[in-house]
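Engineer: Counted from 1, the first sequence has number 55 at position 55 by the UniProt record's numbering; the numbering is strictly sequential.
Note that these hints are calculated values from the structure, not bench results. Mixed in with the good hints, there may be bad ones.
Said to hold, decoys possible - No more than 25 Å apart at the CA atoms, straight line, and that leaves these computed lysine to aspartate or glutamate pairs for DMTMM-like: (1) Lys75 to Asp60; (2) Lys75 to Glu62; (3) Lys91 to Glu110; (4) Lys91 to Glu74; (5) Lys91 to Glu62; (6) Lys91 to Asp60.
To be verified - Simulated restraints, written as ranges between beta carbons of each label pair: (7) Arg42 to Thr87: 53 to 59 Å; (8) Lys91 to Lys57: 22 to 28 Å; (9) Thr94 to Arg49: 37 to 43 Å; (10) Lys57 to Glu93: 57 to 63 Å; (11) Leu89 to Leu50: 38 to 44 Å; (12) Val140 to Arg65: 44 to 50 Å; (13) His67 to Gly113: 21 to 27 Å; (14) Leu134 to Asn70: 30 to 36 Å; (15) Gln46 to Leu95: 29 to 35 Å; (16) Ser43 to Arg65: 30 to 36 Å; (17) Arg88 to Leu134: 20 to 26 Å; (18) Pro81 to Arg55: 40 to 46 Å; (19) Ala106 to Asp128: 15 to 21 Å; (20) Val79 to Leu47: 45 to 51 Å.
Just so you know, even glycine gets a beta-carbon here, dropped at the ideal spot from N, CA and C.
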Amino acid sequence: MTHMTSLPPSITTTDSCSSAGDGGSPDIPRRKRSSKPRTRARSPTQLVRLRRLRRAKANDRERNRMHMLNHALEKLRTVLPAFPEETRLTKIETLRFANSYIVALARTLESAGGGGGDDGGAGGGVRDADGSVLLAVGNVTVRLGRDGNT
DNA sequence: TAGGCCATCTGGTCCT
DNA sequence: AGGACCAGATGGCCTA
Numbered sequence: 001m002t003h004m005t006s007l008p009p010s011i012t013t014t015d016s017c018s019s020a021g022d023g024g025s026p027d028i029p030r031r032k033r034s035s036k037p038r039t040r041a042r043s044p045t046q047l048v049r050l051r052r053l054r055r056a057k058a059n060d061r062e063r064n065r066m067h068m069l070n071h072a073l074e075k076l077r078t079v080l081p082a083f084p085e086e087t088r089l090t091k092i093e094t095l096r097f098a099n100s101y102i103v104a105l106a107r108t109l110e111s112a113g114g115g116g117g118d119d120g121g122a123g124g125g126v127r128d129a130d131g132s133v134l135l136a137v138g139n140v141t142v143r144l145g146r147d148g149n150t
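Given the sequences, and given the hints that come with them, work out the whole structure.
Structural biologist: Shown next as structure tokens:
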């Protein structure tokens, strides 16, 4: 959300592209180079510009990817039992709560099916007087109405 | 002011 | 070559 006009702090001569992987080991006999270059020759300034362009594109994709991740997280929040309005779960809280919630739901389903094998832990369901189900999710108790509402 | 959360940038690695 | 994914670094914002 901030205004980072990407001025990379480390666009210097330290070129990490020259790490292992470009086959630069001196003791390995290299294959004879074919007469035709595999890529078009570029001037140093062209290379720098190309690298910047690629970086900018990669940044863009990465930003997009994180936005999609956040979107999915937001969707997950909407299917979790609602908390009081202002308390918005953080990312890690959302994931942990979702995990506990699923476990609790699964246990409830299991016990409703006549299984009954419950060892406590992440919680299970208890049917209320009015037919709704009380789910213990972590240290929170969630009431599921008969229609599925919380 | 310290600490938590978050967005973004960045370089590395793997895959197509 | 280029894209996806990942983890580390950095800086901003907010709250106790």
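Engineer: Each hint should be assessed against the structure and marked as holding or not.
Structural biologist: Comparing the hints with the structure gives:
In summary, the hint linking Lys75 to Asp60 is supported, as the alpha carbons are separated by about 23 Å, within the 25 Å threshold. Pair hint Lys75 plus Glu62 holds up; C-alpha atoms about 20 Å apart against a cutoff of 25 Å. Taken as a hint, the Lys91 and Glu110 pair is broken in the structure, with Cα atoms around 29 Å apart against an allowance of 25 Å. Simply put, Lys91 and Glu74 have alpha-carbon atoms about 9 Å apart, close enough for the 25 Å limit, and the pair holds.
Of the pairs offered as hints, the one joining Lys91 and Glu62 holds, with about 18 Å between alpha carbons and a cut-off of 25 Å not exceeded. Distance restraint check for Lys91 and Asp60: the Cα-Cα separation of roughly 22 Å lies within the 25 Å cut-off, and the hinted pair is therefore satisfied. Distance hint check for Arg42 and Thr87: the Cβ-Cβ separation is about 54 Å, which falls inside the suggested range of 53 to 59 Å. At roughly 26 Å, the beta-carbon separation of Lys91 and Lys57 lies within the given 22 to 28 Å, and the hint holds.
Range check, Thr94 to Arg49: about 41 Å between beta-carbon atoms, so the 37 to 43 Å window is met. For the pair Lys57 and Glu93, the supplied restraint of 57 to 63 Å is violated, since their beta-carbon distance comes to about 33 Å. Between Leu89 and Leu50 the C-beta distance comes to about 43 Å, which sits within the given range of 38 to 44 Å. In this structure the hint that Val140 and Arg65 lie 44 to 50 Å apart at CB is violated, the actual value being about 31 Å.
The given range of 21 to 27 Å is broken by His67 and Gly113, whose C-beta atoms sit roughly 40 Å from each other. Restraint check, Leu134 to Asn70: a C-beta distance of roughly 32 Å satisfies the suggested window 30 to 36 Å. In this structure the hint that Gln46 and Leu95 lie 29 to 35 Å apart at CB is violated, the actual value being about 45 Å. Judged by the Cβ atoms, the range 30 to 36 Å given for Ser43 and Arg65 holds: they are separated by roughly 32 Å.
Between Arg88 and Leu134, the C-beta spacing of about 24 Å keeps the proposed range 20 to 26 Å intact. A hinted range of 40 to 46 Å for the beta carbons of Pro81 and Arg55 is consistent with their spacing of about 42 Å. Checked against the given bound of 15 to 21 Å, the beta carbons of Ala106 and Asp128, roughly 19 Å apart, stay inside it. Taking 45 to 51 Å as the suggested C-beta distance range, the pair Val79 and Leu47 conforms, at roughly 48 Å.
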